[in-house]
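Taking the hints into account, I'd like the entire structure generated from these sequences.
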Amino acid sequence: MKQQLLQAFFGSEGYHNFRHNRLAMMGAAILFLFLLTAFFGPLITPQDPYNLKELDLNNSFKPPVWESGDSRFLLGTDQQGRDLLSGMVYGVRISMLVGVLATVYSLVIGTILGLIAGYRGGWVDSVIMRIADVQLSFPGMLIALFIMVAFGRGIDKLIIALTLVGWVTYARTVRGSTLAERNKEYVDAARVCGFPSWVIMFRHILPNVLTPLIVIGTIQVGNFILTEATLSFLGVGVPISQPSLGLLLANGYQVLFSGLWWVSIFPGITLLLMVIGTNLLGDFLRDELNPRLK
Amino acid sequence: MLQYTLTRLGQMVIVLLVVSVIVFGVMNLTGDPVLLLVPPEATDAEIAVAREQLGLNLPLWEQYQIFISNAIHGNMGVSYMFKRPALDLILERMPATLEMTIFAMIMAGVIAIPLGVYAGAYPDKMMSKVIMSASLLGISLPSFWLGIMLILVFAVELNIMPSSGRGEVTSFWGINLSILTVDGLQHITMPALTLAVGQMAMLIRLTRAGIMEVMRQDYIKFAKAKGMSAQRVLFGHALKNALIPVITVFGLQFGQMIAFATITETIFAWPGMGKLLIDSIYRVDRPVIVAYLMLVAMLFVVINFLVDVIYTLIDPRIEVK
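In the order they appear, the protein sequences are chains A and B.
Take the first sequence: its letter number 174 is residue 174 in the numbering used here, and every next letter is one higher.
Take the second sequence: its letter number 140 is residue 1140 in the numbering used here, and every next letter is one higher.
Everything labelled a hint here was simulated from the structure, so no lab data went into it.
For each residue, glycine too, the CB sits at the ideal point set by N, CA and C.
There could be a bad hint or two in this list.
[As the list claims (entries may be wrong)] Here are the simulated EDC-like pairs of lysine to aspartate or glutamate, each with C-alpha atoms no more than 20 Å apart in a straight line:
no., chain 1, residue 1, chain 2, residue 2
1, B, K1240, B, D1218
2, B, K1240, B, E1213
3, B, K1129, A, D287
4, B, K1240, B, D1308
5, B, K1224, B, E1213
6, B, K1129, A, D283
[Claimed, not checked] Under 7 Å between C-beta atoms, here's a sample of chain B residues computed to sit facing chain A:
no., residue
7, V1015
8, I1148
9, I1281
Listed below in structure tokens is the structure:
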């Protein structure tokens, strides 16, 4: 059984297309590397950037190794003598954690609400969709900013804020597909068999409305990583004790005019690569899963 | 049309009321403003007096009633920091923000739409692939980082562009504008570019997709079969239909850009209402934050409405119900 599944996957047209799409492969490789970094980062960094005992102010503002010759700090240090590379690895962890968790929560909540709205219809549908409409008329960035200002900094709060912003897209998409699925024969059959509504929604309809969510989810991880970085840069995102890439960039901005370029260049490139990875993969999945282009 | 407009106006009022309840409610959950206002050595009795003067001893729904009736009369409270009406503070800074946003929008449109049309009309050419790669880079680029990089390269290293402020302004119908002086134009270029790049990337993709979809349709094939030149088919027939969704999104993006201007203004110290918002957040200047959110909400609702109306005007296939 397992063998068959594997064969079906590696023999599929989609996998074949993926192997022959250099950009998609690149995106997947970038994301895979960042995921590895996020998981195993603390094992490989030369320094624990949270451990104040390991920091030494004598080491502050060292340029990268090719300018300073100090091989302990490959990409230089910041104002507290923190190794930039180690800080970035920990930053990637936080960015990934926030981006992926917020996407998963948005997907789950949005899908459930969309299924209920589409299948039940009536006032439940009206209430959920009116909320979605109102929310969609405001930029997600501003809503997230408002929530963070009201409730204060924190990784958990960031995830909540992004989830509150993100669920709408899934809810609308799922509702639309559910409306189309609801009147198909297999749903009627299930209803005649006497299955309860939740079984019909989650076991029968759900598998048929999942495909577009994969595309939205992939691209949303990148968007959330960007939003998190922006909020942290503005000082309303992650707490100072847990610097993400955005907070490292805020440090870089403060020392920009002193010519300390490395503190803002390297975290920025890292952030850019992460988002490019998700966008490359998302573009491929969108073309691959879009029946209109086939 | 009249009925549609009236229904939409009613909906707009409801949306704004909902937003006001949320903003008011959530901002009230965040700490006690009295403690921010009284001196740290104030006694309990003094705090109680201050609370009564500010009306903060009333039940929440009564406070909301006062807030909303004041808001309708244009009174959004007084800034804790400046001791001046919050609405005045924001309105003073609004022209600077609008100037930068509109400049950035024009920049994005002028650059992105021709590139998108080209990439959509000739998808296999080398140049189109370059354009699409650039647009992928553009949507992945954190805009605040782009701003930092522009400052680093052009202001710090090369020292040829100013990094902050509006520069010299001239008064035009009583509004201060930067774009009319050389110095002001130099100041606005980098922040506007920072704001425009993300929009450009998105507009390129959208225009290209629109053109590609239209080019596949029968009436285009027919025009080609009639022997029309490729250029006339593109500009005379395809462009009009392809640009309809672009215009809608362009309008909706205006709201997005006002929101993103907060970040650009912070980086380039552009004295607009976005920078005021961020500064007020640091100072916990609650009336200014609330006034900004309400004003921006109103702006968005109006923009969305206008976009819908324009949409029905330019696309006769869409009927108003």
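Hints, verified against the model:
1. B:K1240 to B:D1218: holds, 15 Å
2. B:K1240 to B:E1213: Given that 20 Å is the threshold and the Cα spacing comes to 13 Å, the pair holds.
3. B:K1129 to A:D287: With Cα atoms ~16 Å apart, K1129 of chain B and D287 of chain A stay inside 20 Å; holds.
4. B:K1240 to B:D1308: With a Cα-Cα distance of about 18 Å, the restraint between K1240 of chain B and D1308 of chain B holds, given a limit of 20 Å.
5. B:K1224 to B:E1213: Roughly 16 Å separates the two Cα atoms, so the pair holds.
6. B:K1129 to A:D283: Measuring from Cα to Cα gives roughly 14 Å; hence the hint holds.
7. V1015: Holds: closest Cβ of chain A sits about 5 Å from V1015 of chain B, inside 7 Å.
8. I1148: holds, 5 Å
9. I1281: Where the cut-off is 7 Å and the nearest Cβ of chain A is about 5 Å from I1281 of chain B, the hint holds.
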